[in-house]
Amino acid sequence: MTHSLHRAGTCESLKNDFPVLAMVARQFDIVNPDAKKRTLEKLQAIFDVFDQHAPTNLGSLYVPGTRAHGMTDAALRAGLKPNGFVGAVFSDRASLRDALRELKERDFGISIIVSGLIDQVFGICDQVGLQPHTIDLALGVWGNQKLLPKAELMEITTMCGHALTSASLVEDVIDRVRRGSLTPEQGALELAKPCVCGIFNQRRAAELLTDLAK
Amino acid sequence: MRITEDCIGCGVCVPYCTIGAITLEGGVAVSDQDKCVECAVCTRCVVCPVDAMIQLEVAELPYPRNLRRYFSDPIAISPVTLAGGRGTEEGKTNDRTGRFKFGEVGFGVEMGRPGISTSFADAQTVAQAVSKVGAVFEAKNPIFPLLSDPATGTFKPEILGERVLSLIIEFTVSIEKTPDVIAALRSVEDNIDTVFSLCAITRVNPDKTIPVVPWLERAGVAIRPNAKINVGLGRPLIP
Numbered sequence: 004m005t006h007s008l009h010r011a012g013t014c015e016s017l018k019n020d021f022p023v024l025a026m027v028a029r030q031f032d033i034v035n036p037d038a039k040k041r042t043l044e045k046l047q048a049i050f051d052v053f054d055q056h057a058p059t060n061l062g063s064l065y066v067p068g069t070r071a072h073g074m075t076d077a078a079l080r081a082g083l084k085p086n087g088f089v090g091a092v093f094s095d096r097a098s099l100r101d102a103l104r105e106l107k108e109r110d111f112g113i114s115i116i117v118s119g120l121i122d123q124v125f126g127i128c129d130q131v132g133l134q135p136h137t138i139d140l141a142l143g144v145w146g147n148q149k150l151l152p153k154a155e156l157m158e159i160t161t162m163c164g165h166a167l168t169s170a171s172l173v174e175d176v177i178d179r180v181r182r183g184s185l186t187p188e189q190g191a192l193e194l195a196k197p198c199v200c201g202i203f204n205q206r207r208a209a210e211l212l213t214d215l216a217k
Numbered sequence: 547m548r549i550t551e552d553c554i555g556c557g558v559c560v561p562y563c564t565i566g567a568i569t570l571e572g573g574v575a576v577s578d579q580d581k582c583v584e585c586a587v588c589t590r591c592v593v594c595p596v597d598a599m600i601q602l603e604v605a606e607l608p609y610p611r612n613l614r615r616y617f618s619d620p621i622a623i624s625p626v627t628l629a630g631g632r633g634t635e636e637g638k639t640n641d642r643t644g645r646f647k648f649g650e651v652g653f654g655v656e657m658g659r660p661g662i663s664t665s666f667a668d669a670q671t672v673a674q675a676v677s678k679v680g681a682v683f684e685a686k687n688p689i690f691p692l693l694s695d696p697a698t699g700t701f702k703p704e705i706l707g708e709r710v711l712s713l714i715i716e717f718t719v720s721i722e723k724t725p726d727v728i729a730a731l732r733s734v735e736d737n738i739d740t741v742f743s744l745c746a747i748t749r750v751n752p753d754k755t756i757p758v759v760p761w762l763e764r765a766g767v768a769i770r771p772n773a774k775i776n777v778g779l780g781r782p783l784i785p
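Heads up: the protein sequence lines correspond to chains A and B, in order.
Note that my numbering numbers the first sequence so that position 35 is 38, with each residue one more than the last.
Note that my numbering numbers the second sequence so that position 60 is 606, with each residue one more than the last.
A couple of the hints might just be wrong.
[Claimed, not checked] Quick list of in silico lysine-lysine cross-link-like pairs, DSSO-like style, CA-CA up to 27 angstroms: (1) B/686 <-> B/647; (2) B/686 <-> B/702; (3) A/149 <-> B/581; (4) A/84 <-> B/686.
[Claimed, not checked] Covered stretches of chain B, as calculated for chain A (at least 3 residues, CB under 8 angstroms): (5) 555–564; (6) 635–642; (7) 746–758.
To be clear, the hints were calculated from the coordinates, so they are not data collected in a lab.
Where is the CB? At the ideal position from N, CA and C, for every residue including glycine.
Kindly generate the complete structure, drawing on both the sequences and the hints.
The structure is reproduced here in structure tokens:
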């Protein structure tokens with residue numbers, strides 16, 4: 004899964020957009036019932052850490068819904084499974100820094116992956132005392148570029164890393180915002196609907212919609 | 547996804563389709579079955595006022611059409627990885643698994659992304675190109691059992707016409723082969739009727755430099771300013 008990697012946009016647009024995953028290693032974490040039990044407890048605890056540091060969105064692939072869908076945190080937490088992950092997106096550096104600091108202190112041992120501007124994420128790692136271990140670099144879109152929608156639409160569509168939010172839906176929502184039938188915030192939640200794992204940043208989407216609807 | 551004769555042509559489902567397979571024709575919505583990738587976004591997000599959309603699950607769809615479902619809907623469980631999604635843990639758990647070592651680069655060629663979709667025929671064009679420069683395909687990726695010849699990147703012939711929202715060609719090479727991989731990808735990018743999003747996974751040096759960056763820069767590849775970073779909190783930690 005590279006779903007939290009290929010977010011499109013300028014540095015200005017991406018500067019407050021940090022998807023974070025807590026990911027189990029299947030070869031260790033779900034090998035027997037005891038391991039599954041411990042892993043689930045860790046994922047629940049990590050969920051709580053994320054939740055305490057004001058994420059914009061929160062979810063998990065195996066829970067049928069995310070915070071952006073209106074799911075309660077209790078329902079999301081109860082739906083976690085040991086073979087999955089916890090997904091969140093933070094919209095400011097301080098919240099991400101504080102969440103990482105707590106995760107470091109509590110030392111759950113589950114892999115944590117942060118997406119965002121490289122300089123910013125490395126800077127936050129420095130503040131928390133973390134050494135980045137592995138990096139997945141985005142090298143752009145190749146092939147028949149004529150097939151792609153407009154760049155400004157892709158800034159929103161690529162926030163669903165599984166490409167479930169279509170460019171046509173973005174255009175439809177922009178039109179509804181222009182006509183006044185949706186606010187940008189309501190439009191952002193509509194665009195978050197297709198995303199199933201909690202890393203769509205509806206706050207960034209609302210900001211982009213506000214500009215696009217002008 | 548199929549639309550029944552109960553459709554009243556309200557069109558509410560049309561913009562939700564990930565790849566534009568739903569159109570209004572003759573006053574009703576029609577789903578182009580060649581284009582439809584069975585992602586289930588329409589049935590999950592749209593409240594059809596007359597309940598006219600039918601989405602079959604992986605087990606209900608015949609092979610090879612069922613490939614569309616589990617590559618296009620991240621909730622659908624792959625029989626290979628026993629997980630949702632199109633890829634593997636790749637670099638996300640590398641601090642614990644050690645899958646990518648210093649001196650290696652993992653490439654992920656995500657065919658069809660963002661939001662265009664791909665045929666397996668186009669995926670084969672790319673897979674065959676990189677296999678010629680020594681790519682060893684990741685056996686845990688859900689495309690691996692669909693290869694009739696993993697050594698050459700050749701897929702089973704009966705699946706070549708199937709379309710999926712995206713799939714990931716994952717492979718690892720020594721860092722010195724980075725220019726060869728880039729050249730191979732450049733040689734075929736104009737021969738496919740889709741796009742792909744490319745990524746490269748490497749360890750981060752203790753001084754926080756990234757070993758593959760000079761290789762990519764020499765090959766003329768533009769590196770995006772945003773990345774996905776494993777911050778080293780896994781335990782026990784692979785040093």
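So, going through the hints one by one against the coordinates:
1. B/686 <-> B/647: This hinted pair holds, its Cα atoms lying about 18 angstroms apart.
2. B/686 <-> B/702: With Cα atoms ~17 angstroms apart, residue 686 of chain B and residue 702 of chain B stay inside 27 angstroms; holds.
3. A/149 <-> B/581: holds (18 angstroms)
4. A/84 <-> B/686: holds (21 angstroms)
5. 555–564: Holds: 5 residues of the segment 555–564 of chain B have a Cβ under 8 angstroms from chain A.
6. 635–642: holds (count 8)
7. 746–758: holds (count 9)
In this structure, every one of the numbered hints holds.
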